[in-house]
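Participant: The listed protein sequences derive, respectively, from chains A and B. Here my numbering is used: position 147 in the first sequence is 147, and no number is missing along the way. Here my numbering is used: position 20 in the second sequence is 20, and no number is missing along the way.
Hints in this document: simulated from the structure, not taken from any laboratory. From the three backbone atoms N, C-alpha and C, an ideal C-beta is built for every residue, glycine too. Any given hint might turn out to be false.
[Stated by the list, open to error] In silico EDC-like cross-links for lysine to aspartate or glutamate, where the CA-CA straight-line distance does not exceed 20 Å:
| hint | chain 1 | residue 1 | chain 2 | residue 2 |
| --- | --- | --- | --- | --- |
| 1 | B | Lys-72 | B | Glu-108 |
| 2 | B | Lys-12 | A | Glu-164 |
| 3 | B | Lys-281 | A | Asp-83 |
| 4 | B | Lys-31 | B | Glu-61 |
| 5 | B | Lys-238 | A | Glu-109 |
| 6 | B | Lys-238 | A | Glu-164 |
| 7 | B | Lys-5 | A | Glu-113 |
| 8 | A | Lys-142 | B | Glu-90 |
| 9 | B | Lys-48 | B | Asp-24 |
| 10 | B | Lys-31 | A | Glu-109 |
| 11 | A | Lys-90 | B | Glu-77 |
| 12 | A | Lys-110 | B | Glu-28 |
| 13 | B | Lys-238 | B | Glu-319 |
| 14 | B | Lys-180 | B | Glu-77 |
| 15 | B | Lys-5 | A | Asp-167 |
| 16 | A | Lys-93 | B | Glu-219 |
| 17 | B | Lys-72 | B | Glu-47 |
| 18 | B | Lys-67 | B | Glu-47 |
| 19 | A | Lys-142 | B | Asp-201 |
| 20 | B | Lys-31 | B | Glu-139 |
| 21 | B | Lys-271 | B | Glu-338 |
| 22 | B | Lys-12 | A | Glu-67 |
| 23 | B | Lys-238 | A | Asp-83 |
| 24 | B | Lys-271 | B | Glu-255 |
| 25 | B | Lys-167 | B | Asp-278 |
| 26 | B | Lys-238 | A | Glu-113 |
| 27 | B | Lys-194 | B | Glu-268 |
| 28 | B | Lys-271 | B | Glu-319 |
| 29 | B | Lys-5 | A | Glu-164 |
| 30 | B | Lys-238 | B | Glu-268 |
| 31 | B | Lys-324 | B | Glu-255 |
| 32 | B | Lys-194 | B | Glu-255 |
| 33 | B | Lys-12 | A | Glu-81 |
| 34 | B | Lys-31 | A | Glu-113 |
| 35 | A | Lys-110 | B | Asp-24 |
[Said to hold, decoys possible] Cβ-Cβ distance ranges computed for the label pairs, FRET-style:
| hint | chain 1 | residue 1 | chain 2 | residue 2 | range |
| --- | --- | --- | --- | --- | --- |
| 36 | B | Arg-197 | A | Leu-102 | 48 to 56 Å |
| 37 | A | Arg-43 | B | Glu-114 | 39 to 47 Å |
| 38 | A | Ala-153 | B | Ser-262 | 30 to 38 Å |
| 39 | A | Ser-174 | B | Thr-74 | 28 to 36 Å |
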Amino acid sequence: MVASAFFDVIAISTKLNTFIGGCSSPEIHLFAYLACLLTLFDREPISNWGYGFIVTENGNPFGLEIEKGVNLNVSRGNLEEVDGLYTLTKRGKGEYSLLSSLGNFVRREKYLEGSCSSLAPLPLGYVRQGIKSDEAIRSAIKLEQTNLLFTEASLSIMYTEFAEILDVIGSKTSNLIIPSSIWLSHRTKRGQKLDNND
Amino acid sequence: MDIDKLQDLAQKSVLIPIFHTFGDVGIEAYKQLTIAIRRLFFHLAPEKLPCTLVICKFTVEGIHIDKPSPAKITDLEYALSFIDTCTVNEVVLLEVIDERSYQMWKIESVNCSELSVNALVYRISTEQEQFIVDGKELEIFNPSPLFASIFSIPTFRSLEDALERYKHTSARFSRCRILKSCWVQNEMIYYQNKPERIMRDSLLQFLEDVLRDAEIRPEQTVDESHPIDIKVTWLQTKRIALIEIKWLGNSITHESKFTSYSQARALEGAKQLADYLDLNKIRVPTHQTMGYLVVFDGRRRGVTPETTSMSCVDGLWYEYQEVKYAPEYHYLRGDFAEPLRFFMMPICTS
Numbered sequence: 001m002v003a004s005a006f007f008d009v010i011a012i013s014t015k016l017n018t019f020i021g022g023c024s025s026p027e028i029h030l031f032a033y034l035a036c037l038l039t040l041f042d043r044e045p046i047s048n049w050g051y052g053f054i055v056t057e058n059g060n061p062f063g064l065e066i067e068k069g070v071n072l073n074v075s076r077g078n079l080e081e082v083d084g085l086y087t088l089t090k091r092g093k094g095e096y097s098l099l100s101s102l103g104n105f106v107r108r109e110k111y112l113e114g115s116c117s118s119l120a121p122l123p124l125g126y127v128r129q130g131i132k133s134d135e136a137i138r139s140a141i142k143l144e145q146t147n148l149l150f151t152e153a154s155l156s157i158m159y160t161e162f163a164e165i166l167d168v169i170g171s172k173t174s175n176l177i178i179p180s181s182i183w184l185s186h187r188t189k190r191g192q193k194l195d196n197n198d
Numbered sequence: 001m002d003i004d005k006l007q008d009l010a011q012k013s014v015l016i017p018i019f020h021t022f023g024d025v026g027i028e029a030y031k032q033l034t035i036a037i038r039r040l041f042f043h044l045a046p047e048k049l050p051c052t053l054v055i056c057k058f059t060v061e062g063i064h065i066d067k068p069s070p071a072k073i074t075d076l077e078y079a080l081s082f083i084d085t086c087t088v089n090e091v092v093l094l095e096v097i098d099e100r101s102y103q104m105w106k107i108e109s110v111n112c113s114e115l116s117v118n119a120l121v122y123r124i125s126t127e128q129e130q131f132i133v134d135g136k137e138l139e140i141f142n143p144s145p146l147f148a149s150i151f152s153i154p155t156f157r158s159l160e161d162a163l164e165r166y167k168h169t170s171a172r173f174s175r176c177r178i179l180k181s182c183w184v185q186n187e188m189i190y191y192q193n194k195p196e197r198i199m200r201d202s203l204l205q206f207l208e209d210v211l212r213d214a215e216i217r218p219e220q221t222v223d224e225s226h227p228i229d230i231k232v233t234w235l236q237t238k239r240i241a242l243i244e245i246k247w248l249g250n251s252i253t254h255e256s257k258f259t260s261y262s263q264a265r266a267l268e269g270a271k272q273l274a275d276y277l278d279l280n281k282i283r284v285p286t287h288q289t290m291g292y293l294v295v296f297d298g299r300r301r302g303v304t305p306e307t308t309s310m311s312c313v314d315g316l317w318y319e320y321q322e323v324k325y326a327p328e329y330h331y332l333r334g335d336f337a338e339p340l341r342f343f344m345m346p347i348c349t350s
């Protein structure tokens, strides 16, 4: 299991707790995927994230390393699962506090924070709909089969979209909540238009 | 990518002016402020606010509102009783100090423009909400047609809980912007022609906004001739819900053709759903499927194409008249939930 996935799970659980309380496994995968996407704003290669994602037949991003990360955090007592929702334990809070100060993970915080804090301006359903407007995800839902994410075509579109958004914002900020919320809002509108035409 | 639409969205985003005015400190204040707003609206429906509410968070350390005799609380649940006693001419001003510390006042007015010089200010009054940043009022873009505030959109893990919420808050008073359009008049006496698509879209939007860990899709084919209205697939389990929608009441076309559906339509819907469930068992045998019949009930007594107003007696005649199902599939089958009837209130003249 990739160490960054272990950290991402614990970080996402911490951050989502502020907005929605306990979070489910699909939600952890979803926000890990969004965090990975947000690296494109800094024109980072997707491979730098450390692990990949596919999309399930139900249209949810899925990362095998994230799944392992959830299981390991539970077995180590960092996360507690009740009725399908995960919350951070006291041990988990301590572990997150320690790991988030380590050089390897400090950089990831920016993207994880940008991902989870998109719940500040936008409701959970809207964030989900925005992410699921991706062509590869829509195709998976329509055909009811798993699909690869981060194809060359979809990455190319996203690089263009993100560059345009940064142009509109103007000033440079390390706070990704702004471009993230604009991108998700735009994607949701586009997804709704495509649904109407289906 | 449509640049004009993107620029339009960017302009509607309150985060850009907040960032340009206060920098990253403003963004952090925004996060704390919106968390507080959500926590408050968890306990208090914004539609039921008796007065104007102003919530603020200072962006400068050490500065706080300096008014006498604040009510100090550590949990926003306690704000409810404070706000409840407010009158329509009063303003409740709430300052967010940190996540466990708030202070509140009940006053005649608030100068939001002045306050917004050093603080991020949120104001909501009669379901209109804005942020005020450096004296400028910024409209808050609310994607949902169903909720008074973008910060009050709940989440549900149970479909039954979500449907119950929809019944009481959206369908009953046709609160949803989408659902409102199914009526011919403001008095909500009879429907437009074929209102079922509007009803489906309204419920679909609601479920997409509030249901966690589920994929919601419209018009899913179960057999070749009749698609089910809404299909809900849970992401973590092998569970599926099939929702069949029917309406009762009267509708009218542009050519004044009148259609009336009574209880028999609901019974038809029940049979249809039972048939879908049987077909679905064959198509998807490995999944656990539950069927839900949702009946939008807009029945009124004595309605004709010439009716333009409604008395309360006639308008509410069917309010408590439940449909008598035969057979009662919800008792005979384990995969058929008790049918739900959403009575839709008219606006009565007397």
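Participant: Of the numbered hints stated previously, which ones are contradicted by the structure, given in increasing order?
Facilitator: 3, 5, 6, 7, 8, 9, 11, 13, 14, 16, 17, 18, 22, 24, 25, 26, 28, 30, 31, 33 and 38
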